[in-house]
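**Q** The lines below spell out each chain.
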Amino acid sequence: MTNTTTIYRARRIITMNPSRPSATHVAVREGRVLGVGSLDELAGWGPHQLDERFADLVLMPGLIEGHSHLMAGTLWHYRYCGYFDLRDPDGRNWPGAPTLDAVVAALSQTEQGSAAKAGPPPVVGWGFDPIYFGAQRCSRHDLDRVSATRAVGVLHASGHILNVNSAALQLAGLLRSGISHPGIPLGDDGLPTGELKGPDAMGPLFEHLGLTRSFLSGDEFGIRAFGKLAVRAGVTTATDLAATLTEGDVATLQRITGEADYPVRLVPLLRLIGITPTEAVTRAVQLRERNTDQLRLGRIKVVADGSIQGFSARMRWPGYYNGAPNGLWYTAPETIRECYSLALQQGVQVHTHTNGDQATELALDCLEGALRQHPAPDHRFVLQHCQLADAAQFRRMRALGMHVNLFANHHFYWGDQHRATTVGPERAERMNACRTAITSGVAFSIHSDAPITPLGPLFTAWCAVNRLTASGHVLGAEECIPVADALRAITLGAAQTLHLDGEIGSIECGKRADFCVLHDDPTTADPTALKDLRIWGTVQGGRVFPA
Amino acid sequence: MTPLPTHVIGGYLGAGKTTLVNHLLRQAGGERIAVLVNDFGSVNIDADLILGQSGEVLALAGGCVCCSFGADLVGTLAGLQQRQPPPQRVLIETSGVGLPAAVARTARLAPGLQLEGTVVVADAVRVRQQVADPYMGDTVRQQLADADLLLLNKADAVAPEALSALRECLATLAPRAACIACVQGQVPPTVVYGRLGDTESEDASFERHWQAVPWARGAAPAAADAFVSHTWQLPAGVDLNALVQRLSASHTGLLRAKGWVQDAAGQRWLVQSVGTRTELSAAPAQARPTAPCGRLVLIGLRGVFEPQAW
Chain A
2 MTNTTTIYRA
12 RRIITMNPSR
22 PSATHVAVRE
32 GRVLGVGSLD
42 ELAGWGPHQL
52 DERFADLVLM
62 PGLIEGHSHL
72 MAGTLWHYRY
82 CGYFDLRDPD
92 GRNWPGAPTL
102 DAVVAALSQT
112 EQGSAAKAGP
122 PPVVGWGFDP
132 IYFGAQRCSR
142 HDLDRVSATR
152 AVGVLHASGH
162 ILNVNSAALQ
172 LAGLLRSGIS
182 HPGIPLGDDG
192 LPTGELKGPD
202 AMGPLFEHLG
212 LTRSFLSGDE
222 FGIRAFGKLA
232 VRAGVTTATD
242 LAATLTEGDV
252 ATLQRITGEA
262 DYPVRLVPLL
272 RLIGITPTEA
282 VTRAVQLRER
292 NTDQLRLGRI
302 KVVADGSIQG
312 FSARMRWPGY
322 YNGAPNGLWY
332 TAPETIRECY
342 SLALQQGVQV
352 HTHTNGDQAT
362 ELALDCLEGA
372 LRQHPAPDHR
382 FVLQHCQLAD
392 AAQFRRMRAL
402 GMHVNLFANH
412 HFYWGDQHRA
422 TTVGPERAER
432 MNACRTAITS
442 GVAFSIHSDA
452 PITPLGPLFT
462 AWCAVNRLTA
472 SGHVLGAEEC
482 IPVADALRAI
492 TLGAAQTLHL
502 DGEIGSIECG
512 KRADFCVLHD
522 DPTTADPTAL
532 KDLRIWGTVQ
542 GGRVFPA
Chain B
543 MTPLPTHVIG
553 GYLGAGKTTL
563 VNHLLRQAGG
573 ERIAVLVNDF
583 GSVNIDADLI
593 LGQSGEVLAL
603 AGGCVCCSFG
613 ADLVGTLAGL
623 QQRQPPPQRV
633 LIETSGVGLP
643 AAVARTARLA
653 PGLQLEGTVV
663 VADAVRVRQQ
673 VADPYMGDTV
683 RQQLADADLL
693 LLNKADAVAP
703 EALSALRECL
713 ATLAPRAACI
723 ACVQGQVPPT
733 VVYGRLGDTE
743 SEDASFERHW
753 QAVPWARGAA
763 PAAADAFVSH
773 TWQLPAGVDL
783 NALVQRLSAS
793 HTGLLRAKGW
803 VQDAAGQRWL
813 VQSVGTRTEL
823 SAAPAQARPT
833 APCGRLVLIG
843 LRGVFEPQAW
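Going line by line, the protein sequences match chains A and B.
Mind the numbering: the first sequence is residues 2 to 548 in the working numbering, read in order.
Mind the numbering: the second sequence is residues 543 to 852 in the working numbering, read in order.
Extracted from the complex, chain B is given alone in its bound form (with noise of 0.2 Å):
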């Protein structure tokens, strides 16, 4: 059985995680998500994807649901599975005091799941005072450090000397991640979530959906970043220390990278990476790649990301 692809959504109260949440569901495109919320209380899914509820599960738009669970993670996702339909993707949504690392590694005792990753949304005119904050600032700090992708959240709101000031200084704070300023959440679904190209035309298509969205075509403001898309060829008997190496390394502008590779022994890997976190794992022996062999998709940032250089 695939590993059911989840990730972890954290950040502090206010910060815009349920916004992304609304997003994500809008831009879900047929796949069925899963989001699990701490409770209720905490979230506010927009009405309009709402369908109905039953229990502890709101029914959403396109087979997506959403369930709070409370003291009862690893149930709750246990339980998701039996569903019917299961669901293809799952997003947890920690609560405004969480920390996303402790719920991504309590989210490992699930079985069949694969962790893909922790975003964490920071509000970007708040959170160098919620840093500094006597009380709440040593677990901002922590949920900081856990991110993989740091959504920095309301960038229209900073001026744009601020806002740079600010990307440095959570490059401190959020040594492994990569940041991405945005507006009200609005990223690509595939930035979140890293992408396995299975045509030759991904990247045209990635580049014709990142023109089509509403926010890339100027209504967004300037403060949001955009985004490229490019595939890297790589032939058999790739180096896995050096692929490891080369897509963790920091300012590249890359924020995902995802695909099979083969190395000199003919053993094939899957490549995840995101920020500066890569993961590898060997594909059984039997098993069919869900994607070509070879081939990695990167998501990047537009104007610091350099495809001709991969």
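Extracted from the complex, chain A is given alone in its bound form (with noise of 0.2 Å):
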């Protein structure tokens, strides 16, 4: 990085530094912000170019996701079969299927692109949402129309259901009468359907796909893809937030964010899974030492529950709106109470995943029976979804100085079935109750959990403040905020969750230079329209990505 100086000038520079809240001009240095100010003051630093490039748009702190998988650009391998809309990673619009024909039309148009290819490759599509398709259900027989000798799947969007054909039923031995498997439902002839419901039923299925290991990690295609996809999101800084992290993984990470063109900073953390808290906490440390400035490492995630919308998630009294059984337990507390010790005492930053409230309960009593033990200043522990908090939890999340990182998509994508169906109407509008952490004083950020939900904090951004479902209703008004929160939820917020405030979240002297490029300004735009601002790209490390 040279030592010239460039001054851009903008229509306005939103700073998220209260005490310069917008300013016109911003100079970069080495990659970061030597100042912020008027022409006038940043002229003082000495010789510089002025740079108009940004003379008509609006600047702002480059958007940071605190929850994202680098699988959201993976799954550009396979097809888009989403209900809405979506850009790929180079831009192209793929439109929603509205229709259950209009799926299988499109797994045909890719099956017969690929057909030409040698041995039988299988046909995969991904995003797909049949809860718009009221009753219709999907069966191996739509599939089947895509293909009757070639293996045919599509991943929900949700991630925990996956529909087949008959031929890949058929591959992984599954076309037989006589299953008796809760996750396998049967049709009148005794066969499955080719629904598979959660991850025992589903793991059969993923090999005759070809979705091997690096289709969850992240291959090279999906981390430059991932890349993409985050420019054109004003994404700056974004997290891959469950990461198995082998020597080959931090080999590729290393070498694909250190190229001169990487236009976003990753934090893996590391998923404590196969491993146990003390090896765990010992790769977290060693990890440290190989970060750059574009590759953060040394963070742990601890899976304590699973998810609300799949009956997984662990519920305090009095439990799921329609009776479903209580969910279940990924990590013992045994488990998560060793490795909060451990990393409290190494300095370790651990991310829980929460979904249900008593999850959320047994991760603040972990860490209050540790921090006895082993105190620890500004440890910065962070509870990821966190969905279902009330506000006694919240003010415990406060006493005990962790942060929290809100899922707020969910309300759109899923907030009518958890009115109806999962919590109730009560317990929906309390979920990710951004409200309830501003008034107990705990730092938040909101989240996509891309791919679950397309990578976008500006959509995000509009789920926090508005609260819409997918119906229209809006799920607890009393939880909505004001847009200049939910502004900071996604880049200051963002970085104190990642203990990176220090370096990222704000347009100031001394960080790092890393904007969102727009053509419309956020703060006077209509709040019910913050979803659709138009983004002109990123600055990263002072480097220019138009999307």
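For the record, the hints were derived by calculation from the structure and aren't laboratory data.
Per the computed footprint, the stretches of chain A lying under chain B, defined by three or more beta-carbons under 8 Å from a beta-carbon of chain B, are: (1) 179-192; (2) 196-209; (3) 267-277; (4) 321-334.
For glycine and all other residues, C-beta sits at the position ideal for the given N, C-alpha and C.
Hey, can you piece these two chains together into the complex? The hints should help.
**A** This is the structure we're talking about:
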């Protein structure tokens, strides 16, 4: 990086620095913000080049996605089959499939496009969301129309259900009678319908659909595709929240994020799975040594329970609204407690996935116990999702020094289901309680969990501001937050959850030159239009990336 | 192809699942056992049993292996059967918060396996507290309810009166299970697996074996249960309903029954009983039984099970 100074003029610069909230010029040197203010003030730094390319545009701090997965990029190996339109990493719009026939047509097109390749490769789709198709369910016969001979599978948007055709079932040895499994519904003929619910039922099919480990962890294609998605969403720092981080994975990440034009700072978290807490903490400490500006390692992710819409989240009394039995623990309390204790001693940050309020309570109990034994200043432990926390739990988070990252996008995508089925109207209205986080004094962010919902912090901010469900219902007006707070949540708030708020999250002297560049001004736009604001691209580490 | 006998071993964190697995590996007696664990992080196979590791497979003494199955139990089970030489028995150790019946249901999706019962290990000292835990109570209760055989481990660490009170309590929590008190998971493998008798002297050999194992010769604390084996002769023309009813009855001290019988129509059946659950599988017409027909090998709790009554 040269030590020349570039001063960008913008229509407006939203800094997120309360002592100088807006400005017209920002000076950048060595990939960092030299200063924000008027041209006169910045000229005091000495010789500079004035760059006018953003003169009609608005700058705000580069957006930070605190809970996403590189798989959001990897999935673009496969055919998008969602209900809503979606742009791919190269900006091409893939129209939503409004009917089951449209999904079959999309997959057939992919099937024909790839038929010439050697062997019978599987046909895979993703983002499928048949809840919008009313009572009509997808069966293997529907997907048999795509191919009678090649394995065909389409993953649901939630990631919890997979639909396959007869050929795929045949390959997995599941096209037979006598199967008795709660995740494998049977048709009138006694054979599986082709719908596979939950990881146990989906697992046997993945291999036959060519969905291997790299599909989950992000291969080279996926990491690059993720970078492009980030630029289009105005994102300059993003997490990969549950990585295995083998030596090979780390080498690939270091190589790609080290390239001169890789546009996003990645924060992969090591998932506590398949290793003991001691191994995880030791590994996290070792990984810290490998940090670069663009790759931030050394944090741990723990998964306490499952998902609310999959009825595998752990709920406190009185449990699920429809009477479904309580969910599953994914990690034993003893293991969580041990991990917290060791991490506190080593200064390793732990993010814990809790969806149900009982899982949240457990994480709070575990941290309280661990902190009594190993008091640790500014540990920054974070609850991820934490969708059902009540006000008392937010007060405990505050008391224990926890931060939280709430899943605001859920209101839109599953809010109607939460109201009607999973948790009922009252608790649905307090889900992802951003207002309560603010009044309780808990630093918070909001997230997409991409690819579960699309990467797009401005959309996520829109969700937190408006709390609209897909059917247009306002889910918990009392928990709506002002635009300014939502914008803070996707910048400084997210930076705080990653313990990077000294470096990123606002535009001020000394911080990384990470900007989200917009055509429209989010602070003056109609709050209901937040999701539709046009993003020009990003500046990341002083490098300019048009979308 | 003979189905591969497969057993699920469940129980809460710290109950002694891995201790039991290590014990069963030491007592393998030449049988090639494949141990499947959720992840290597949670398992501690005794170091002296490990010969080496390649990828996700630990090579163990005596041709045994240990694999982690992670998110793909069915694929791992299918892969096992491709190994050369193939394993002769599979033990699936669930995670400490895993639900054994759910794991068994998933294992049944893999072809070529015969699920032969769910063993749940409970910590005699802590299980009462665990079932009452506000977070884990329902998980532990579900694990116990899934058991066919319940191994009440660390039985030497509680007083005899407390142990019998605990057995009564567990009879309610694990209504289908036969409960065995033990120390360090030390139970004869045949109690866990069941046994197909192939010679008349099976009972005598079981007795010899039982007397020969160190924990039966006074080395084991009095708290641990002891066992007896008996061969039950059943002439052709067996009334299957009556047989199932008798094998499934509680309080007989019967832990395991296994063998071939013939009904009045001449059909041969493989009978497998564990706890209060009895399964019959019809032998295909051409198939040769793997043991003489008309005999069940019964394994019972010494002092409770009455061989002369069978």
